[in-house]
Amino acid sequence: MEVLNRKTAPQIKPVVINNFQNPEKFILENGIPVYSFNAGSQPVVKIDFIFEAGIWHQPKPLIASTVSSMLMEGTKSKTSKQIAEKLDYYGAFLSLNSNNDFTIITLFSLTRFLPKTLLIVEDIVKNAIFPDDELRINLNKRKQSFLIDREKTNQLASRKFLEILFGAQHPYSKVLQAGHYDMVKREMLLEFYKKNYTLRKCKIIASGKLEDNFLDLLRKSFGTNNWGGATTPGIYNYNIQVNKQQKYYIKKEGAVQSAINIGRVLFNRLHPDFMEMKFITILFGGYFGSRLMKNIREDKGYTYGISAQINSFLQSGMMKISTEVKTEVTQNAVKEIYFELDKMKDELVSEDELEKVKSYVMGDLLTVFDGPFSLSDSFRIVNDYNLDFDYYKQYIEKIKNITPARIKELSQKYLDKNDMFEVIAGA
Amino acid sequence: MISINKFELENGLRVIVHKDTTTPIVAFNILYDVGARDENENKTGFAHLFEHLMFGGSENIPNYDSELQKTGGENNAFTTNNVTNYYLTLPKQNLETAFWLESDRMLALDFSEEKLRIQKNVVIEEYKQRYLNQPYGDVWLLLRPLAYKVHPYKWATIGKNISHIENADLNDVKSFFYHHYAPNNAIISVAGDVNIPEIERLANKWFGKIERRDIPLRNLPVEPEQTSANFLEVKRNVPFDAIYKAFHMCDRKHKDFYATDLISDLLSNGRSSRLNQSLIKEKKMFSEVNAYITGDIDNGLFIVTGKLMKGIKMKDAEHAINEELNKLRTEIVPDNELNKIKNKIESMHVFSEISVLNKAMNLAQHELLGDAKNINKEVEKYRLADAFQIHKIANKLFRSENSSTLYYKSAQ
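Protein chains in written order, with this note's numbering: chain S, 3 to 429; chain G, 103 to 514.
These aren't lab readings, by the way, just hints derived from the structure by calculation. These figures come from a predicted structure and were not determined experimentally. Heads up, a few of these hints could be off.
Taking lysine-lysine and the PhoX-like style, the derived pairs with C-alpha atoms no more than 25 Å apart in a straight line are [said to hold, decoys possible]:
id: 1; chain 1: G; residue 1: 337; chain 2: S; residue 2: 145
id: 2; chain 1: G; residue 1: 385; chain 2: S; residue 2: 88
id: 3; chain 1: G; residue 1: 383; chain 2: S; residue 2: 128
id: 4; chain 1: S; residue 1: 187; chain 2: G; residue 2: 383
id: 5; chain 1: G; residue 1: 386; chain 2: S; residue 2: 83
id: 6; chain 1: S; residue 1: 205; chain 2: S; residue 2: 9
id: 7; chain 1: S; residue 1: 9; chain 2: G; residue 2: 307
id: 8; chain 1: G; residue 1: 412; chain 2: S; residue 2: 145
id: 9; chain 1: S; residue 1: 154; chain 2: G; residue 2: 412
id: 10; chain 1: G; residue 1: 483; chain 2: S; residue 2: 88
id: 11; chain 1: G; residue 1: 337; chain 2: S; residue 2: 143
id: 12; chain 1: G; residue 1: 194; chain 2: S; residue 2: 358
id: 13; chain 1: S; residue 1: 254; chain 2: G; residue 2: 337
id: 14; chain 1: G; residue 1: 412; chain 2: S; residue 2: 254
id: 15; chain 1: S; residue 1: 143; chain 2: G; residue 2: 385
Reference excerpt, derived from the structure (chain S facing chain G, CB under 10 Å, subset only) [claimed, not checked]:
id: 16; residue: 291
id: 17; residue: 304
id: 18; residue: 336
id: 19; residue: 367
All C-beta atoms, glycine included, are put in the ideal place defined by N, C-alpha and C.
All chains, please: the whole structure from these sequences, using the hints.
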């Protein structure tokens, strides 16, 4: 009879990833690039229509997000209600999302209904009219949720944080007041739409069970003629304003927790140190067993959660630590965060910890292949920078070779507490 | 349709296997048939606090998370009023680690005063973060005791109040473990590129020797039929008024469940749904509206909620909601509208079967309700519900004496 040894872990087989395969690429007659991953077992598709129409490109606050969120609210031939009825009837979902750099329209559809659902996307991309009545409803709704968000300590902290990191004039600071919702006018939307929702600013990424007719459908709707207005290249240029004051405190009456944001401007994916800094950020605060979680949650019990993240935007990037802690221990928590930052630059990471994080990151990378949508999302993130899956291959190489000494060196360079900005919102 | 295999070990542990060869990730889910409804009324929040303690190490494995991270895996868990559910995803070649980790903490947890003290703090901060430090965060702490007078659904998973968590002691913890964590009170489901004999071998190897434990028979008080409307008004420091209405509905296994769920979809699933079109778009009275069911195993709640536009009176808002609900009692839902909703449900079902983790979780839930294989009959059950059944249920559901209404008013 086999005696079970529970003390020893089953043998671990390392994760090897060698099947990064770039998507098929097609160029439609009018020049729009289409990337496709024909994969998966379910009869569904997801298609991203990506426009260079993000916050960076907007002339005034809220324009990019209002245009995208209004696309479904009426076209030359259909009312908002008719569009909604059609989409719901085919069981399709459309998500409309504007971020710092792009607007992404994502269609989720059953494969067999794609010929119908694609026509709806075509209509809203080419023929949206932004009716005044719908616009008022949209703005009033969003203004109310903005005002509700403003009651949350974590929102107060993160808004202020972006403002002092990039400077109030910079689009990435996303500075917003309730009054901005009253200043959005239909003409501004139409102008932004005409200028930015054009074939020259568009690319398409498709994934899922794609049938043979899929390219023909895309061609018919998006590929033949010259649609959208004439595009003048973006003339917007913004510089980051370096803020003198590094620490801010926002009073929120009655709050039972303080929200803390600590971090700095860094760089984007294209910077030679980005990959290693991403790895370091994970070790420091990017997974459940991270330094920050171990100390501030699992050892001190100050918080339900704490994390560090690194963000890449087309024109910049940032590193941010965020948490919500018990009011009484706010200063202790801040002290511990700086203590952990110092430790990164003063001490070498142990081989044990390094190996664990490497395994964790490799396992996490494996999820790129967990289904067709995950493949296309992972591709989209790097393709924003005109990169492809080779990027992930390089990332794996970087991770394999990163050493405790290199981590210390980079931490000294980028995680110095004197370079950090700090915002606390609480009672 | 997804393929499903299942078997049961001698100690009563049920195992469900679903093979999906399209992903390198395998999902391992273990559901324990214990939730907040099984708690003592004076010691609430315990099932959830216990979920936190399950990550504090077991007899032979001091650090659960670390061992899993070494394999490239991740995990989390959640507690509801009905169940406690733990889930892991990991590279398929390291699946055995999941069996090792989960079997050891089912066998014997490593209890300590220090770990309990820390996790009590963490849970108290979770309580604050989710319920107290959020606008409208305490709604469920108010709504549950308003709607339920007897059944343990009257308290939230996080607990009735913070003192219950503060007062938990190590003896409570131990007793809870041995009363609820056992092979004969758990369901494992594994989904991914696996082979079934191998799963049987691993299940027997790691869980086979864990002995059955005595699980107290669940004997929950039955909520008596409500005979008059409940009402509560509170003032809070939030920018806008909100209204919440809760109606008692059937249990998860009842034949009316699917038709009841369809009613909530007619009202608010999708932009073309009734409440969206009428209350937000046409009447412009709300900034948000929502209708949904709690989906509880015992008799659950049908919730209708909305945030009011500035300047709209609560009475008028409630009246507008009631008008929409009454339409379902007086008029038969047109065929095309019903079809639209059923299409939507079918589509959501197909999309939910893309992720192995989702499938593993759903399989365990269905097994708990009776049979994992029923997952393949879900869409059909929705398709069978007809307009007359919906009409009948709406009449039973949306009676004033079956309602609990919460006016959540802005004090600003």
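Structure versus earlier hints - violations, ascending order: 6 and 18
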